[in-house]
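Colleague: If you're matching them up, the sequences are chains A and B in order.
Per our numbering: the first sequence = residues 1154 to 1470.
Per our numbering: the second sequence = residues 1154 to 1470.
The hints are simulated quantities; they were obtained by calculation from the structure and are not laboratory data.
Mixed in with the good hints, there may be bad ones.
Heads up, the list lumps identical chains together, so a pair's fine if it works in one copy or across two of them.
Claimed, not checked - Each computed SDA-like pair below joins lysine to any residue, with the alpha-carbon atoms no more than 20 angstroms apart:
id, residue 1, residue 2
1, K1470, L1261
2, K1269, N1188
3, K1178, D1322
4, K1269, G1227
5, K1269, W1469
6, K1178, E1319
7, K1178, T1296
8, K1470, R1420
Here are the chains, one letter per residue:
2 protein chains.
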Amino acid sequence: MIHPIFTEKQNFVKSAQRIASYIHKTPIITCESINRLAGCDIYFKCENFQKAGAFKSRGASNAVFSLIENGFKGDVATHSSGNHAQAISRVARFAGIGARVVMPENSLMSKIEATKEYGADVTFCVPTLEARESTLANVIEQTGAREIHPYNNVDIVLGQATCTMEILDEIQPDTIVAPVGGGGLLAGTALAASHFGQSVQVIAAEPSGASDAWHSFRTMQFVPSENPKTIADGLLTSLGLLTFPVMLRHVSDVLLADENQIVEAMRLMWQRAKILAEPSSAVPLAAILANRAIFAGRKVVVIVSGGNADIDNLPWK
Amino acid sequence: MIHPIFTEKQNFVKSAQRIASYIHKTPIITCESINRLAGCDIYFKCENFQKAGAFKSRGASNAVFSLIENGFKGDVATHSSGNHAQAISRVARFAGIGARVVMPENSLMSKIEATKEYGADVTFCVPTLEARESTLANVIEQTGAREIHPYNNVDIVLGQATCTMEILDEIQPDTIVAPVGGGGLLAGTALAASHFGQSVQVIAAEPSGASDAWHSFRTMQFVPSENPKTIADGLLTSLGLLTFPVMLRHVSDVLLADENQIVEAMRLMWQRAKILAEPSSAVPLAAILANRAIFAGRKVVVIVSGGNADIDNLPWK
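With the hints as constraints, model all of the structure from the sequences given.
Modeller: If you want it as structure tokens, here you go:
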């Protein structure tokens, strides 16, 4: 069942107002040569230019300032290997509260450094979901911090929805394609499209090597992510209880892209469109190019979810 | 003496109208962590997102369509190792005329391919100014094509000026920093700032390894570029007769950056601001970071001139 908070348009408007001064209104970029290749008109919504380098700053701002509005004064905590960690740390600093972040010890050095630079207290753990959760539970027990889950949190989903609210303020697309990992961005996109769009179709893009959302969508049963293998490191997680029902109700399709297609799409975005997209952000374009017929002649928005790529280890080397 | 066409504000307005449908209005991006490093508020005007990947599309569109308006029906020609070639080729195709481009045989493969993809007829020559000019003279003799020089052309300078007109429509900076090679962008920037700005200071940034503009500015005598050596391959050329007097009159200072500073600034732009800047476009930020005191606390626009970097050979590898 879709969470009742999501059925009220006003909750989306309120979230957009709450976070307006803490986030960027990001630009939309077009590229003639990619349009020729794809056979449709693509509008790249560049969340790689979002604060802390990813759309995650939207949800993080909404979740943290929603707590503050309700009189919360403690620390916040989360486990994350990347963009959510940076986003929470940054906004906690703005809110004048502490951030406690559990990171797997194999996280990218650049993401660890950025998280620390934003002032977070970082605890490392072995890179398994179990270790992340138990380490976070310990941190919370010791510090009394409040967990902000990266997608199983209504304020996070409402925050991510503001990206599509911005898109629809500027253009009227036929289709919006968002990558899907835990589904926070996807759910926010689909909900915003249903509240504020005019017959806008929302399609999810997922790596073949982490195709749990694809299986969940097709079987209409929750299928967890098991041993995912993909360069798109932001899309490894399972859907959540909040996001799965939204996907079933408001998403038109889930399309897959394999690793070669993802790397090729990422390279096209860098070389042709000059968009510094991280691998996860190249999955939508990869899925479009792998399914040209579906998009032919359409006006398609691609959400470029983030730009925290490892520029010392580019996948086409 | 400054060319009289440049003293009429109306000529700038007319150029902006002429090219409006052939170019992008490019976004302005900010980055908190770079601002902290620099000690000033930097606004990156992202001409890397311009059509054909660089500001050159502005001047090229203005020059080609100015010819078309005057009844010209032949081909256009130029010599260029890079962005000007792509820009001229692209806009000639739009105008329905041919483009003949002389390129040094050591040009980046990606730039050669892009120029050909835009439909230009490419002739290669050895990589010396002499060979470029004599080969171009041959091409022009054989084809009757009209040369469009990359900066010794009033319509080119008027076109480049539209970048700063866009900036001043959006924000009121204290200072604008532009890279200087032949001086087309710099002259356009300085002229637009003087016509449309409110006490906006314009500063040029140049590689130490190609410091002819710096010498010319300080001696107030034209000093040609001799054996320049820099990674900033768009800034190798000498100033021109049109651009040098504009620099003397309207530019406040020329600042230098060495090769290490340029690479470090480029890396910061990619890693922190997610701006895919080519080396030449990193020279302004490098010059700011090398001269922090001059910019302290100021509102500074950096013109990111282009994004045609070689993503297979990044300078920090």
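Colleague: Determine for every hint whether it applies to the structure shown.
Modeller: Verification of the supplied hints:
1. In the homo-oligomer, the alpha carbons of K1470 and L1261 lie at most 20 angstroms apart both inside one protomer (18 angstroms) and across protomers (17 angstroms), since each shortest distance falls under that limit.
2. Taking the closest pair of Cα atoms, K1269 and N1188 come within 20 angstroms of each other only across two copies (18 angstroms); inside a single copy the shortest separation is 39 angstroms, beyond that limit.
3. Taking identical chains as interchangeable, the C-alpha atoms of K1178 and D1322 lie at most 20 angstroms apart whether they share a chain (11 angstroms) or sit on different chains (18 angstroms).
4. Taking the closest pair of Cα atoms, K1269 and G1227 come within 20 angstroms of each other only inside a single copy of the chain (19 angstroms); across copies the shortest separation is 60 angstroms, beyond that limit.
5. Taking the closest pair of Cα atoms, K1269 and W1469 never come within 20 angstroms of each other, the shortest separation being 29 angstroms inside a single copy and 24 angstroms across copies.
6. Proximity of K1178 to E1319 under the C-alpha cut-off of 20 angstroms is found in both arrangements, the shortest distances being 7 angstroms within a copy and 18 angstroms between copies.
7. For a Cα distance limit of 20 angstroms, the shortest separation of K1178 from T1296 qualifies neither inside one copy, at 35 angstroms, nor across copies, at 49 angstroms.
8. When the C-alpha separation of K1470 and R1420 is checked against a cutoff of 20 angstroms, the pair qualifies both within a copy, at 11 angstroms, and between copies, at 18 angstroms.
Consistency note: the structure conflicts with the earlier hints numbered 5, 7.
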